[in-house]
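Protein sequence lines, in the order shown, are assigned to chains A and B.
Residue 1 is where the first sequence starts when you use my numbering, and the numbers rise one by one after that.
Residue 1 is where the second sequence starts when you use my numbering, and the numbers rise one by one after that.
Hints may be right or wrong, so weigh each one.
[Claimed, not checked] Straight-line alpha carbon distances no greater than 35 Å define the calculated DSBU-like cross-link-like pairs of lysine-lysine that follow:
| no. | chain 1 | residue 1 | chain 2 | residue 2 |
| --- | --- | --- | --- | --- |
| 1 | A | K26 | B | K8 |
| 2 | A | K26 | B | K137 |
| 3 | A | K26 | B | K40 |
| 4 | B | K112 | A | K26 |
Worth flagging that the hints you see were computed from the coordinates, not collected in a lab.
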Amino acid sequence: MRSLMNLARWEAIVLFFGFIAVVLWKLMTGGISLSYLLDSDIPDADSPTAFSSDVSAGRTQLLVVTLAVAAYYLLQVIQNPREFPQVPTTMIAALGGSHALYLAGKARTLLAGRLKDLFK
Amino acid sequence: MAISDEDKKTFRSWFFGLLIFAIVASILVGIWLHGDPHFKNSTVVLKAAFTFGSLLLVFLFGVVVLAALASGLIDISELIEEESGGTSTSRFQLLIFTFVIGLSFVIVVTCKCEIPSLPANVLALLGVSATTYGVSKGIQFGGKNGNPTEDK
Chain A
1 MRSLMNLARW EAIVLFFGFI AVVLWKLMTG GISLSYLLDS DIPDADSPTA FSSDVSAGRT
61 QLLVVTLAVA AYYLLQVIQN PREFPQVPTT MIAALGGSHA LYLAGKARTL LAGRLKDLFK
Chain B
1 MAISDEDKKT FRSWFFGLLI FAIVASILVG IWLHGDPHFK NSTVVLKAAF TFGSLLLVFL
61 FGVVVLAALA SGLIDISELI EEESGGTSTS RFQLLIFTFV IGLSFVIVVT CKCEIPSLPA
121 NVLALLGVSA TTYGVSKGIQ FGGKNGNPTE DK
């Protein structure tokens with residue numbers, strides 16, 4: 001039974017790291033495109049689609065905060081791999097705030113025109 | 001993207017091929033364990049053979065999916081893309097958190113050899129991430145006259 005447990009363990013490791021490796025490899029080689037990652041839609045009357053894109057501060061801060069929290073969490077797991085680490089409440093609040101900021105910016109850009117029409 | 005009849009036939013033959021391979025392998029393991037003097041109880045032999053067959057089957061399915069992903073047979077080029085091009089930040093952050101939590105889970109399980117209980121803050125992290133993705137899609141859908149094909 002011990003060898004079966006070892007087999008299951010190695011299967012999980014090989015498959016999970018395999019999936020991560022494939023996705024990372026595709027991200028690095030352009031198989032999964034990262035273009036316009038930090039761009040957001042802006043209403044543009046001159047554009048045929050009524051929207052054009054530009055670099056967004058909201059998306060940039062979201063990406064930075066996400067990477068910071070993810071790196072912190074992963075480092076905690078690597079330091080003590082026997083249990084899930086406790087994430088400080090302040091960090092979850094900061095992450096929530098960052099996501100809220102991003103969503104508010106997106107809603108303001110995309111829904112402002114509709115809301116204006118609504119209250120005319 | 002629609003799957004062609006030929007692809008369906010290939011998937012079906014791979015599925016049944018792997019299933020038969022796993023069944024044959026578990027029968028062979030069962031016969032081998034039956035001859036082992038340490039395994040006197042036939043229920044234990046049956047359990048071990050069934051577990052081995054299941055593990056093998058799951059692994060082989062995983063390897064086939066991995067190979068299909070790597071070769072491009074399963075197309076993941078639009079994994080974090082919007083419907084009309086351009087990368088979605090909300091999808092990208094969800095991908096990062098899913099991988100980080102998944103990786104942590106695999107690391108903890110392999111080190112501790114048991115299924116750990118998930119703390120509330122881990123669920124909160126995933127919840128924030130997934131909610132952002134969902135709300136972002138809602139805003140986008142609502143902001144462009146409710147027509148998802150006109151996204152971005």
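* To do: Could you tell me which of the numbered hints above are not met by this structure, giving the numbers in increasing order?
  => Hint 3 is the one this structure does not satisfy, whereas the remaining hints hold.
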